[in-house]
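4 protein chains.
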Amino acid sequence: MILVIKNDITPEQFDHIINKIRELGFTPHISRGVKKTIIGLIGEQAEKYKEIFEAMEGVEHISEIEKPFKLASREFKEENTVVKVNEEVEIGGKKIVVIAGPCAVESREQIFTIAKLVKEYGAHLLRGGAFKPRTSPYTFQGLGKEALEYLKEVKRTLNIGVVSEVMNVQQVEMLVEYVDVLQIGARNVQNFDLLKEVGKVKTPVLLKRGMATTIKEWLMSAEYIMSQGNYNVILCERGIRTFEDSTRFTLDLNAIPVVKSLSHLPVIVDPSHGIGIRNFVPIMAKAAVVAGADGLIIEVHHKPEEAMSDGPQSIYPSQFNQLMIELRKIVDVIGREI
Amino acid sequence: MILVIKNDITPEQFDHIINKIRELGFTPHISRGVKKTIIGLIGEQAEKYKEIFEAMEGVEHISEIEKPFKLASREFKEENTVVKVNEEVEIGGKKIVVIAGPCAVESREQIFTIAKLVKEYGAHLLRGGAFKPRTSPYTFQGLGKEALEYLKEVKRTLNIGVVSEVMNVQQVEMLVEYVDVLQIGARNVQNFDLLKEVGKVKTPVLLKRGMATTIKEWLMSAEYIMSQGNYNVILCERGIRTFEDSTRFTLDLNAIPVVKSLSHLPVIVDPSHGIGIRNFVPIMAKAAVVAGADGLIIEVHHKPEEAMSDGPQSIYPSQFNQLMIELRKIVDVIGREI
Amino acid sequence: MILVIKNDITPEQFDHIINKIRELGFTPHISRGVKKTIIGLIGEQAEKYKEIFEAMEGVEHISEIEKPFKLASREFKEENTVVKVNEEVEIGGKKIVVIAGPCAVESREQIFTIAKLVKEYGAHLLRGGAFKPRTSPYTFQGLGKEALEYLKEVKRTLNIGVVSEVMNVQQVEMLVEYVDVLQIGARNVQNFDLLKEVGKVKTPVLLKRGMATTIKEWLMSAEYIMSQGNYNVILCERGIRTFEDSTRFTLDLNAIPVVKSLSHLPVIVDPSHGIGIRNFVPIMAKAAVVAGADGLIIEVHHKPEEAMSDGPQSIYPSQFNQLMIELRKIVDVIGREI
Amino acid sequence: MILVIKNDITPEQFDHIINKIRELGFTPHISRGVKKTIIGLIGEQAEKYKEIFEAMEGVEHISEIEKPFKLASREFKEENTVVKVNEEVEIGGKKIVVIAGPCAVESREQIFTIAKLVKEYGAHLLRGGAFKPRTSPYTFQGLGKEALEYLKEVKRTLNIGVVSEVMNVQQVEMLVEYVDVLQIGARNVQNFDLLKEVGKVKTPVLLKRGMATTIKEWLMSAEYIMSQGNYNVILCERGIRTFEDSTRFTLDLNAIPVVKSLSHLPVIVDPSHGIGIRNFVPIMAKAAVVAGADGLIIEVHHKPEEAMSDGPQSIYPSQFNQLMIELRKIVDVIGREI
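Each protein sequence line maps, in turn, to chains A, B, C and D.
Residue 269 in my numbering sits at position 269 of the first sequence, and the numbers go up by one each step.
Residue 68 in my numbering sits at position 68 of the second sequence, and the numbers go up by one each step.
Residue 1 in my numbering sits at position 1 of the third sequence, and the numbers go up by one each step.
Residue 98 in my numbering sits at position 98 of the fourth sequence, and the numbers go up by one each step.
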């Protein structure tokens, strides 16, 4: 941590800062220039005291040197984390993992129809929401436990792992009985109590980036989960909010190489929310894989116009099939598998 | 709701749309131009079906006509809502209400010291966090129930109402026993289960805007609370996230007149988070009042450099005193009171 | 264009609107609902009068139906535009075009060294700035005409077309004598006089998207150029400004499929500015091609630490070579060439 | 400037950095921590070499210590700059200066009508565009020199100074003959050739902030003008582009205290573009003054529905009159004049 000192600091203010640094157990490294003085505090713990020094008179600006996340950092663990979902599926290895299915489970028939198709076309895991966070209180909020029972049946019958969203602390215990991956939605990325709760189980957690969450904050949210003991965290880029309004969100593929340099955790991409327009989902899915994604999560619906949510961005099963065919060729030339 | 039809729609696709409109009980209003055809669906319920039509082939674009929120809308209730907090304090009337206090309750002595000062200088309510949502799992998370006990004691001793944040569904029942206003933080603005839960009690709710929440989404979050029966919602603008990095957030004072035209709910402003720099908090507080805010929530700390959170943006009690003196002059010339 | 009428409009205000519509030569299509009334004006010219109606009392909101750009639109010209740069190079066809070179021409030796390498590795065109728009007036502003002379010599000697930026109206005449493609930088995307001026020549124009330019505004800027007669416009996505600060800009690859659906113009991508971090430029370049880009423009420097600008995002010639090798494999599986 | 060194730097890379620092004439200040090493380069010139070090292997991150602008900085000149516009008007002193008038000069009659009204109600300067930067090439582009002649006549007849926009380098010479203040529009904030050109005259320059320009970049643009000798720069905040779409832009009033702490230049506010909705312009104008603005620039039109541009955000003369009445009361209580 570097403190940049104001030109007009008084000697008393300066001594006060130096004393505080010593009191906290650090050695101040002072560098005086003609116009500016800076003080360095180096050490793992220094960043924790940032606000103390920011709040002091005479400090113009503070630069952080250490990253605020530890368990999630590449420095803590150099090799890539591979999250084992079930006997067949691992995320973060050579193989690209594709999660597909409807936004929400709407009926037994609907989830079976879609699950069979996506499995046939090559999906490795099934997605399907039981509890839906919706902007309006007047729209479909998910079938709840009924949906979970359908997912359980699909899972047993078709032998496919399932991913479903957990919306609050109380649901965690129940959901781990039904699902293979717990999804934390973008709107809950800084619901810290929920993060801690899913940190206490062993089920893998798919952590979506929030729409205004910086990469560092997102990794701090992963750190919350890991700090409770659950290291099975899969990050999911799903688009950020920008001024551009011709797409639902702005898919930030830059985030993939950046996260991979900062962290050992696997990163997957959700092109459905990331662009929000059905016919453009497949091309963005392919771009995401080439940008380094370890997997994809894609909304597929056989009758999107009857979907209770996200119809406009759900692709048809035939589009999903075509995408998988094309992905098989692409992974080949970038040294991965699918 | 207006459907703009693609130029290359087939007659079958067009009929399919028309039939769907009739099936849902609406009369389609068709207007054909030389190059474009549009279909109008008018009625309160039409917006609910937006995604169905967006998901249909042949639809280029949909414009919403009706607002998606009802109970929160100015059309539903024309006169301003005045939220009664306790016998002395109402928010949304002629009187500007000032909520002041530390970011977090840190000790019995700390909260008493600050509470006495802010009350003396004219604050109407005391703020103080018991449960703190922090970006890092390794920083102070609040004193929890101990803090609530201190707040209770302060409230009884100094006769000042208290505002404190609720972070999850399970805390609601406990917090309503201690506080006069339940605060929903910016990161929980779309934690829909929490919104519903605070909608079931009668305690006023201070709903902060999220850092990437549009004004319409924010009003939809208020609608969630109101849809459960709790109409005592106070909106709080606290800065949005933009590209500008010389301030913590970008305080969006534009939001005040816009919200007041769309909704009857009171709006207050949090300049502490909105700019994030101690010495600029008072001037932004004054600007907010002139822009039409019904109140302010301000972080005050007697020793900000020892504050466990938000020290850099907490003003000194003497600054708060000076601000109140200046606000008294300002409210006078804009036809309000304090 | 759709006018949504306020609930509390007076009959006089309503008549005033209807009369204005008739006066402008349109037939108003009125649809009355229980709570809302809308008026449709359909026709190519209607959007031109948008501000007139927005400024009228009684109008709540206006939705545009027609797109504001014409010559640039896919509706005006269905097939893709292929811009012919010289005898060997066309942009917008099956072949991906790669433009490579230093940010700025720094010396005769520097530009020759880099040009030889990038040509050898497969670049189709050479980039190199003669006039540099720099944020600070105290940094290197380009060699100017001297640089153009070097580019001319490189072009003749190595038989490679050159791309260079034009910063103002007076330079256009001179630059067309030297370059094969005129580049308009992101900061000049709405320098309308400059757009008009390059619209009067026949030289192809590479039009960078501005850092806060929506896709529609960007196409309007292309329209400016085309409206003067120069249809040889190549669009270039180069990252937009968002809240994310761990990359220089946020590369918006969503823009590629969106632009291609709205316009017939070719789109290339600048991953160097789009992510701004040397080691991540190649992976984003590959992702861009898979997302549908018709070409790439990449900063390459043999000694980036001595570069007078953009050193941190310039890749080494060896990295460029490796990228070209990998691109050759990728274009194969996506049905393109390089 | 502080270099944060990568953990895995080789001794050769480290020596290379140290040698480069010495070669440039600086003394490296090295501070080694357990996990991180940092190197300080302190001095006015250090920031100039930032890109050189960023481009070097082994450097993880660079923090700037010195500000990149000099002439514009508060450190260069402590007291506020007061820009003298004419015998009666100065901007940056105790008196708030109000500039009012139409977006564009549309006819002799129009500009005379509006000028008389705004002058009568208390405006100090008249605004009126002769050359208009418009997003679409098919809309009104201004009356050009004809407009300037009208402005000259108004100026002489009504004795009021005029402000008008300069769009390109060639216009500067002509405009200085007609106007008292040259306006640089938001889209030209980084049109560096234009900035240099207006830097060569003595006429005051009103420099609008760009819609995606950070405060530091904006001050760098001011520095461009000042570096050529023209110190009469007036900064103008006019709203930035964010995700919020219910207003035209997001007026960033935070920018006022921040700019005033960094720079000695006067800052005025344009609430017309900043919110873009007629009925909310006056309240934002008042908030801006309380936030510390030295002046306002406001669009006023007697028949906004017939305005050729910006009708929806132009206030009626009666609204302007009312605003001036209210401002007179407000300036009184904040220690300013009008």
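No lab work stands behind these hints: they were computed from the structure.
Some hints could be false.
Since the list gives no way to pick out one identical chain from another, each pair is judged satisfied if it fits inside one copy or across any two copies.
[Said to hold, decoys possible] Straight-line alpha carbon distances no greater than 30 angstroms define the calculated DSS-like cross-link-like pairs of lysine-lysine that follow:
| # | residue 1 | residue 2 |
| --- | --- | --- |
| 1 | Lys-70 | Lys-152 |
| 2 | Lys-6 | Lys-77 |
| 3 | Lys-67 | Lys-303 |
| 4 | Lys-94 | Lys-6 |
| 5 | Lys-119 | Lys-77 |
| 6 | Lys-50 | Lys-329 |
| 7 | Lys-94 | Lys-155 |
| 8 | Lys-200 | Lys-116 |
| 9 | Lys-155 | Lys-48 |
| 10 | Lys-36 | Lys-116 |
| 11 | Lys-116 | Lys-70 |
| 12 | Lys-329 | Lys-145 |
| 13 | Lys-20 | Lys-303 |
| 14 | Lys-48 | Lys-303 |
| 15 | Lys-48 | Lys-329 |
| 16 | Lys-48 | Lys-36 |
| 17 | Lys-303 | Lys-6 |
| 18 | Lys-94 | Lys-48 |
| 19 | Lys-84 | Lys-20 |
| 20 | Lys-70 | Lys-50 |
| 21 | Lys-216 | Lys-36 |
| 22 | Lys-70 | Lys-196 |
| 23 | Lys-50 | Lys-145 |
| 24 | Lys-6 | Lys-20 |
Checked hints:
1. Taking the shortest alpha-carbon separations for Lys-70 and Lys-152, neither the intra-copy value of 36 angstroms nor the inter-copy value of 38 angstroms comes in at or below 30 angstroms.
2. Proximity of Lys-6 to Lys-77 under the C-alpha cut-off of 30 angstroms is restricted to the inter-copy arrangement: shortest distance 16 angstroms between copies versus 38 angstroms within a copy.
3. Taking CA atoms no more than 30 angstroms apart as the test, Lys-67 paired with Lys-303 passes between copies only; the shortest distance there is 27 angstroms, against 46 angstroms inside one copy.
4. In this assembly of identical chains, the alpha carbons of Lys-94 and Lys-6 lie at most 30 angstroms apart only when taken from different copies (28 angstroms versus 51 angstroms within one copy).
5. When the C-alpha separation of Lys-119 and Lys-77 is checked against a cutoff of 30 angstroms, the pair qualifies neither within a copy, at 34 angstroms, nor between copies, at 41 angstroms.
6. For a Cα distance limit of 30 angstroms, the shortest separation of Lys-50 from Lys-329 qualifies neither inside one copy, at 49 angstroms, nor across copies, at 37 angstroms.
7. For the homomeric pair Lys-94 and Lys-155, the shortest alpha-carbon distance inside one copy (25 angstroms) is at most 30 angstroms, but the shortest distance between copies (44 angstroms) is not.
8. For a Cα distance limit of 30 angstroms, the shortest separation of Lys-200 from Lys-116 qualifies neither inside one copy, at 33 angstroms, nor across copies, at 41 angstroms.
9. Neither within a single protomer nor between protomers do Lys-155 and Lys-48 lie at most 30 angstroms apart by alpha-carbon distance, with minima of 45 angstroms and 32 angstroms respectively.
10. For the identical chains of this complex, Lys-36 and Lys-116 are neighbours neither inside a copy (67 angstroms) nor across copies (40 angstroms), given an alpha-carbon limit of 30 angstroms.
11. In the homo-oligomer, the alpha carbons of Lys-116 and Lys-70 never lie at most 30 angstroms apart, since the shortest distance is 41 angstroms inside one protomer and 40 angstroms across protomers.
12. Taking the shortest Cα distances, Lys-329 and Lys-145 never come within 30 angstroms of each other, neither inside one copy (39 angstroms) nor across copies (48 angstroms).
13. Within a single copy, Lys-20 and Lys-303 get their C-alpha atoms only as close as 65 angstroms, which misses the 30 angstroms cut-off; across copies the closest is 14 angstroms, which meets it.
14. In this homomeric assembly, Lys-48 and Lys-303 come within 30 angstroms of each other (Cα to Cα) only across copies, at 18 angstroms, whereas the closest approach inside a single copy is 52 angstroms.
15. Proximity of Lys-48 to Lys-329 under the C-alpha cut-off of 30 angstroms is found in neither arrangement, the shortest distances being 48 angstroms within a copy and 41 angstroms between copies.
16. For the identical chains of this complex, Lys-48 and Lys-36 are neighbours both inside a copy (24 angstroms) and across copies (16 angstroms), given an alpha-carbon limit of 30 angstroms.
17. In this assembly of identical chains, the alpha carbons of Lys-303 and Lys-6 lie at most 30 angstroms apart only when taken from different copies (20 angstroms versus 63 angstroms within one copy).
18. Neither within a single protomer nor between protomers do Lys-94 and Lys-48 lie at most 30 angstroms apart by alpha-carbon distance, with minima of 37 angstroms and 43 angstroms respectively.
19. For a Cα distance limit of 30 angstroms, the shortest separation of Lys-84 from Lys-20 qualifies neither inside one copy, at 46 angstroms, nor across copies, at 45 angstroms.
20. When the C-alpha separation of Lys-70 and Lys-50 is checked against a cutoff of 30 angstroms, the pair qualifies both within a copy, at 17 angstroms, and between copies, at 28 angstroms.
21. Taking identical chains as interchangeable, the C-alpha atoms of Lys-216 and Lys-36 lie at most 30 angstroms apart whether they share a chain (29 angstroms) or sit on different chains (19 angstroms).
22. In this assembly of identical chains, Lys-70 and Lys-196 lie within 30 angstroms of each other by CA distance solely inside one copy; the values are 16 angstroms within and 35 angstroms between copies.
23. Taking the closest pair of Cα atoms, Lys-50 and Lys-145 come within 30 angstroms of each other only across two copies (27 angstroms); inside a single copy the shortest separation is 45 angstroms, beyond that limit.
24. For the homomeric pair Lys-6 and Lys-20, the shortest alpha-carbon distances inside one copy (17 angstroms) and between copies (28 angstroms) are both at most 30 angstroms.
Of the numbered hints listed earlier, those contradicted by the structure are 1, 5, 6, 8, 9, 10, 11, 12, 15, 18 and 19.
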